[in-house]
Every structure is written in C-alpha cells, then in structure tokens.
Amino acid sequence: MITYRKELWFNINKRRGLVNITEAVQEAVVESGIKEGLVLVNAMNITSSVFINTIESGLHEDFEQWLERLAPELPYEQYKHNKGDERNADAHLKRTIMGREAVVAITAGRLDFGSWEQIFYYDFDGMRNKHALIKIIGE
Amino acid sequence: MITYRKELWFNINKRRGLVNITEAVQEAVVESGIKEGLVLVNAMNITSSVFINTIESGLHEDFEQWLERLAPELPYEQYKHNKGDERNADAHLKRTIMGREAVVAITAGRLDFGSWEQIFYYDFDGMRNKHALIKIIGE
Amino acid sequence: MITYRKELWFNINKRRGLVNITEAVQEAVVESGIKEGLVLVNAMNITSSVFINTIESGLHEDFEQWLERLAPELPYEQYKHNKGDERNADAHLKRTIMGREAVVAITAGRLDFGSWEQIFYYDFDGMRNKHALIKIIGE
Chain A
-16 MITYRKELWF
-6 NINKRRGLVN
4 ITEAVQEAVV
14 ESGIKEGLVL
24 VNAMNITSSV
34 FINTIESGLH
44 EDFEQWLERL
54 APELPYEQYK
64 HNKGDERNAD
74 AHLKRTIMGR
84 EAVVAITAGR
94 LDFGSWEQIF
104 YYDFDGMRNK
114 HALIKIIGE
Chain B
-16 MITYRKELWF
-6 NINKRRGLVN
4 ITEAVQEAVV
14 ESGIKEGLVL
24 VNAMNITSSV
34 FINTIESGLH
44 EDFEQWLERL
54 APELPYEQYK
64 HNKGDERNAD
74 AHLKRTIMGR
84 EAVVAITAGR
94 LDFGSWEQIF
104 YYDFDGMRNK
114 HALIKIIGE
Chain C
-16 MITYRKELWF
-6 NINKRRGLVN
4 ITEAVQEAVV
14 ESGIKEGLVL
24 VNAMNITSSV
34 FINTIESGLH
44 EDFEQWLERL
54 APELPYEQYK
64 HNKGDERNAD
74 AHLKRTIMGR
84 EAVVAITAGR
94 LDFGSWEQIF
104 YYDFDGMRNK
114 HALIKIIGE
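Here the protein sequences line up with chains A, B and C, keeping their order.
Per our numbering, residue -16 is the first one in the first sequence, and the count goes up by one each step.
Per our numbering, residue -16 is the first one in the second sequence, and the count goes up by one each step.
Per our numbering, residue -16 is the first one in the third sequence, and the count goes up by one each step.
Some hints here could point you the wrong way.
Note: identical chains are not told apart, hence a pair may lie in one copy or across any two.
Unchecked claim - Quick list of in silico lysine-lysine cross-link-like pairs, DSS-like style, CA-CA up to 27 Å:
1) 113 / -11
2) 18 / 113
3) 66 / 113
4) 18 / -11
5) 113 / -3
6) 63 / -3
No lab work stands behind these hints: they were computed from the structure.
Since we're looking at a predicted model, the values are computed, not measured.
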C-alpha cells in the first residue's frame, strides 16, 4: 500500500469565493504513483468546504444566494458564536451545508469521475491563508 | 490490497425518485472478495445523491417536501443556472443537502451497518440514464 | 494492510446533544498501530451525525437553533414519518444536514487535522443507547 499527502493553500481575496482544484488533485494523484485507490480531499479549516459539482458560473452564483438565504451573514448578533470579536458564525453553517470533504475513487491512475464532476474549494471566511488536505491511499 | 469497481445505472421515470441500492452494494462487496476495507458509493452525476437512511415511505415523502421547501424547483427564473435551457438548478441544490457519497466500512465481508442503515440513490433530475460508482478497497 | 474496528456507545440524557469524540478516535488510531491511512467515523443510527467543526459552546447553540429552524421538531403532524408512534422525523432531517460520517487522514500515527478540527457525535433523538463506528485502514 502506498500513501501520499499534499496540502493546497489558498488566500481568497474576499469573504466568500470558490476555486476549482480538480487539476491540482489529479496532479497529486500522478505524483503519488497510485493507480487504484481512494483520495480524500478535505478543508483543514472549519469555515471552508471541499465539494463536487460542475463548472458553471450561474450555478455558483445560485449557491452563493442560496447559502445566504439558509444561513445569512447578517445581522451578526443573531449568532451566539459572534459574541466577542467573531463575525463568522454564518461561515461555519454554510460550510456545514456544502460539506467538509470529498472522497473520490482512483482508477487507472485517474480521478474516476462522471462527465461533469469537478472538485471545488469554497471559502466562507476568506482574506487569510487557509488550507486543504489531499491524502491518497492505494497501490 | 485488492480494489474493485462497479457502476450502477438508473433511469428514474419521473423528475425525482429514490432507489434502495443496499443489496447491489453488498453484492459488489461479495464479488470483490474483500473481507476488510472500505466501500465508496457516489453519484457520478451532479444532480443525484447517494445517502444512508432508513426504508420508510413516509420519511421518503418528508424528504421530498423538505427538500422542496429548502430548494424549490419553481419558479425556474429564480436561479441563474436556469438561464437558457436548463431547468435543474434546484436539483444541484437538493443533491448538495443530501450529499454526493457514502463511505461504508466492510467487516467480515459484509457492509458494517447499524440496524436501520440502508443506502439509497436519489435522483433530482431523472428521466434519463444516470449512474453511480462503487469502489472498494481492502483485502 | 491493517484494519481496525471499534464502536463508541452513547446515551445522551436529553433529546439533542453533542459529544466531542476526537480523543476517542485518536485513541483508536493508536490502538490500531496504523501510521498512514484513513479513518472512517460514522453514526450507526440514522438519527445521529458525526461531523467535524470546532469546540465553542456558542457555536454549538447556533447549530441547535439553526437546525431547529431548517427542520423543526414541532408540530409533529407536519411529517408523514410521525404518523403512528414516531416523533423523530425532524431528527432524520437534522442528521442529513449535519452528515452521517467523517473521513479523516492518518499521518505519522495521528489524525491529520487543521488547528481547529475536532470530531463530534451529535444525537437528535437521544435518551437511549446509540452507537458510532470507527473503521481504520492503512499500515
């Protein structure tokens, strides 16, 4: 069994934003030399998500509006977590909806994906350095 | 280490519907010969989910109404993704709530489940061929 | 390849409550002797969650209020699942939001976590014996 570990680092230049990390994960799979196995990709911060959906900017705007409806940023005082200096309670909730992690099969050295599957990192509390983990096991 | 891969195909005869795939996954575990390991089951389409809950038709109707409340299908124009010919933005959001994938332990050649756990495929944009992936690793 | 299995048992003394299980999972990793791999932690009951976020009691109260807004317990009659004697339809929905499982990387014999990541068991239908599964694979 082989294992491989890599971190991806981000500094999103606004409160919320997403990045397509599919190529970076595929690159890590190639670096690992693993042909058959599983790759875990997870946010290492608790106000960010890793999720799988498609590249379509209209849909990404829909996610933004929908998450803001389900877990609004404002008013800050609606959340107990925002007592004191915190202003990111909504980011914890939005990340919960979108999920912490994706587990993807590796087959013949490639991410074993349907036609439209892409992996995204989604930050809900950006403007600082944050990271995601890629861990691959297989052979 | 052994790995095993299998696809399940579906053509749900309405916009939304779910299928119990527990037996199909257990069958794949037996075919793999793997006694100890993990099985990943994921939707390969981005408007479908794989999730774990129980067989109870009342609850399944509750899921349907609840998802429709959190991410309504209509009016289509509320979503930017539906500009043009698309009508399935809500399906992307509903799938996000229900999740893309389940990871299940395999112990002694069986899905290592609590009493009520069952695996379901849930399509939110049916009436066409779609698929899910089973990937098993272990020994 | 090594695999290791352990159950954690809970009896939450109220309808809803959460428990930090990070230490218990780390202990299982040590017991397994596995240095590199993956650990799956999942609820074995379908009205409970395993999820990753941070230790902060204000945030935990926010989760409680937010889940109650998205999937209210009352009135019971709003859910078809509650026909008959059941009163826990909301618990199935809340668990869906929070998720069934977490998959965590193991690196150098430790949970490979960001600074604030902690694993929680969250029961939405407590006051009885329930369990979670830890399954570890690696070497």
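Note to self: Checking an output row: residue 66 and residue 113, CA cutoff 27 Å. Within, between, both or neither?
What the structure shows: Answer is within: at 23 Å inside a copy they meet the 27 Å cutoff, but 33 Å across does not.
Next item on the list: Could you figure out if residue 63 and residue -3 sit no more than 27 Å apart (CA to CA) within one copy, between two copies, both or neither?
Entry: both (24 Å within a copy, 21 Å between copies)
Checklist line | Up to 27 Å CA-CA - residue -11 versus residue 18, copy category | finding: both (17 Å within a copy, 16 Å between copies)
Notebook entry, point to check: Given identical chains, is residue 18 near residue 113, meaning Cα to Cα at most 27 Å, within a copy, between copies, both, or neither?
Noted result: Result: close only across copies, 25 Å inter versus 29 Å intra.
Note to self: At most 27 Å between alpha carbons: which applies to residue 113 and residue -3, within, between, both or neither?
What the structure shows: Cα proximity of residue 113 and residue -3: one copy only (13 Å, versus 36 Å across).
Note to self: Reference check for the pair residue 113 and residue -11, CA-CA at most 27 Å: within, between, both, or neither?
What the structure shows: within (14 Å within a copy, 32 Å between copies)
The earlier numbered hints are all upheld by this structure, with none contradicted.
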